[in-house]
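Peer 1: The chain contents come next:
There are 2 protein chains.
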Amino acid sequence: MSGASATARLALMNADVPHRAVNLADKLSQFDEHWAPRTVAEFNGHDVMVVKVKGEFVWHHHDDTDDLFLVLKGRITIRLRDGDVELGPGELFVVPVGVEHQPYAAEEAELLLIEPSGTSNTGDDTTAAARRAI
Amino acid sequence: MSGASATARLALMNADVPHRAVNLADKLSQFDEHWAPRTVAEFNGHDVMVVKVKGEFVWHHHDDTDDLFLVLKGRITIRLRDGDVELGPGELFVVPVGVEHQPYAAEEAELLLIEPSGTSNTGDDTTAAARRAI
Numbered sequence: 281m282s283g284a285s286a287t288a289r290l291a292l293m294n295a296d297v298p299h300r301a302v303n304l305a306d307k308l309s310q311f312d313e314h315w316a317p318r319t320v321a322e323f324n325g326h327d328v329m330v331v332k333v334k335g336e337f338v339w340h341h342h343d344d345t346d347d348l349f350l351v352l353k354g355r356i357t358i359r360l361r362d363g364d365v366e367l368g369p370g371e372l373f374v375v376p377v378g379v380e381h382q383p384y385a386a387e388e389a390e391l392l393l394i395e396p397s398g399t400s401n402t403g404d405d406t407t408a409a410a411r412r413a414i
Numbered sequence: 281m282s283g284a285s286a287t288a289r290l291a292l293m294n295a296d297v298p299h300r301a302v303n304l305a306d307k308l309s310q311f312d313e314h315w316a317p318r319t320v321a322e323f324n325g326h327d328v329m330v331v332k333v334k335g336e337f338v339w340h341h342h343d344d345t346d347d348l349f350l351v352l353k354g355r356i357t358i359r360l361r362d363g364d365v366e367l368g369p370g371e372l373f374v375v376p377v378g379v380e381h382q383p384y385a386a387e388e389a390e391l392l393l394i395e396p397s398g399t400s401n402t403g404d405d406t407t408a409a410a411r412r413a414i
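First to last, the sequence lines map onto chains A and B.
In this text, residue positions in the first sequence follow my numbering: the first is 281, and each later residue adds one.
In this text, residue positions in the second sequence follow my numbering: the first is 281, and each later residue adds one.
Don't take each hint at face value.
[As the list claims (entries may be wrong)] Sample of chain B residues facing chain A (criterion: CB under 7 Å; computed from the structure):
(1) H299
(2) A301
(3) L304
(4) N324
(5) F337
(6) V338
(7) D344
(8) L348
(9) L360
(10) L367
(11) P369
(12) G370
(13) L372
(14) V374
(15) A413
(16) I414
[Stated by the list, open to error] Calculated pairs, DSSO-like style, for lysine-lysine (alpha carbon to alpha carbon, straight line, at most 27 Å):
(17) K353(B) - K353(A)
(18) K353(B) - K307(B)
(19) K334(B) - K353(B)
(20) K334(B) - K307(B)
(21) K307(B) - K353(A)
(22) K353(A) - K307(A)
(23) K353(A) - K334(A)
(24) K307(A) - K334(A)
(25) K307(A) - K353(B)
These are calculated hints, taken from the structure and not from any lab test.
Where is the CB? At the ideal position from N, CA and C, for every residue including glycine.
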């Protein structure tokens, strides 16, 4: 291996990664709980997650990360201290690091979320949902 | 400011960020070129991009980043040296760092991509598409 490039070594390390598409609807069909994200892929140290939401989440912020929301089904409101952002299917919003927000959904909605692996969904490890991969 | 927490400073820095949803279909309606991603949001040092694709892209890899593909419309194949990954709407795949791949679409397809800001789409700065935000 002494002559191998960093790239070749990385490719070798990844050679046994299963090559298959992640079908988001299929993943979402595997659970019913609200506000309990499931990790479906990993990307540059982040978890790519799907989640079902309904009702009001807690006001929270993240000290160290932006928070990406993409609506797959239904509608949500991301309440911010200085206004609301309304999102429907195919719409996304990034809550900047440090900004307080409260997600709200009048009816059940399905979202894709991306956060660094290990981020607590409430911004507080004592109240966060456990990390679950499916 | 000397007593302000890092979080409060970050929130202040972000206070003038416009709070609006990004509608992916609307962004995609603003251009026709293939293989020319448009940045529609920023997230933890990454560009969130939409792109229209048709035909065969070049074989390439990224030395420093995974490569996230989410199909919004149509179908694509991500060819890998040891097999193909077929993706339809609502399906995603993360090409691991260092792994050679060639995206291919028989018919036009629309994708969401996430890569660190400044990543060349061909893996080679001399042939990469320019960064364009819309």
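Peer 1: Compare the structure with each hint and give your call.
Peer 2: Evaluation of the provided hints:
The criterion of a C-beta within 7 Å of any C-beta in chain A is met by H299(B), whose closest approach is roughly 5 Å, and the hint holds. Interface hint status for A301(B): upheld, as the beta-carbon distance to the closest one in chain A is roughly 4 Å, under 7 Å. Of the supplied interface hints, the one on L304(B) holds, with its beta-carbon coming within about 5 Å of a beta-carbon of chain A, less than 7 Å. Hint status for N324(B) relative to chain A: holds, with the closest Cβ pair at about 5 Å, below 7 Å.
Restraint check, F337(B) versus chain A: the minimum CB separation of about 17 Å is more than 7 Å; hint violated. Hint on V338(B) is violated. Least Cβ distance to chain A is approximately 16 Å, over the 7 Å limit. Because the closest C-beta pair between D344(B) and chain A is about 9 Å apart, greater than 7 Å, the hint is violated. Given the 7 Å rule on beta carbons, the hint for L348(B) holds: about 5 Å separates it from the nearest Cβ of chain A.
The interface hint given for L360(B) is met, as the beta carbon of that residue sits about 6 Å from the closest beta carbon of chain A, less than 7 Å. Checking L367(B) against chain A by beta carbon gives a least distance of about 5 Å; that is within 7 Å, so the hint holds. Proximity of P369(B) to chain A is violated relative to the hint, the smallest CB-CB distance being about 9 Å (cut-off 7 Å). About 5 Å separates the beta-carbon of G370(B) from the nearest beta-carbon of chain A, less than 7 Å, and the hint is met.
Annotation: L372(B) was flagged as interfacial toward chain A, and the flag holds, the nearest CB pair being 5 Å apart, inside 7 Å. Taken as an interface hint, V374(B) checks out: its beta carbon lies about 5 Å from the nearest beta carbon of chain A, inside 7 Å. Interface restraint check: A413(B) against chain A, minimum CB-CB distance 13 Å, threshold 7 Å, status violated. Checking I414(B) against chain A by beta carbon gives a least distance of about 14 Å; that is not within 7 Å, so the hint is violated.
For a cut-off of 27 Å, the pair hint linking K353(B) to K353(A) stands: about 15 Å separates their Cα positions. Note on K353(B) and K307(B): the hinted pairing holds, with a Cα-Cα distance of about 14 Å set against a maximum of 27 Å. Pair hint K334(B) plus K353(B) holds up; C-alpha atoms about 12 Å apart against a cutoff of 27 Å. For the hint linking K334(B) to K307(B), the alpha-carbon distance of about 18 Å falls within 27 Å, and the restraint holds.
With a C-alpha separation of about 19 Å, the suggested pair K307(B) and K353(A) falls inside the 27 Å cut-off, and the hint holds. Our distance criterion of 27 Å between C-alpha atoms is met by K353(A) and K307(A), whose separation comes to about 13 Å. The suggested pairing of K353(A) with K334(A) holds, with an alpha-carbon distance near 12 Å, which does not exceed 27 Å. The straight-line distance between the Cα atoms of K307(A) and K334(A) is roughly 18 Å, inside the 27 Å bound, and the hint therefore holds.
The suggested pairing of K307(A) with K353(B) holds, with an alpha-carbon distance near 19 Å, which does not exceed 27 Å.
The structure shown violates the earlier hints numbered 5, 6, 7, 11, 15, 16.
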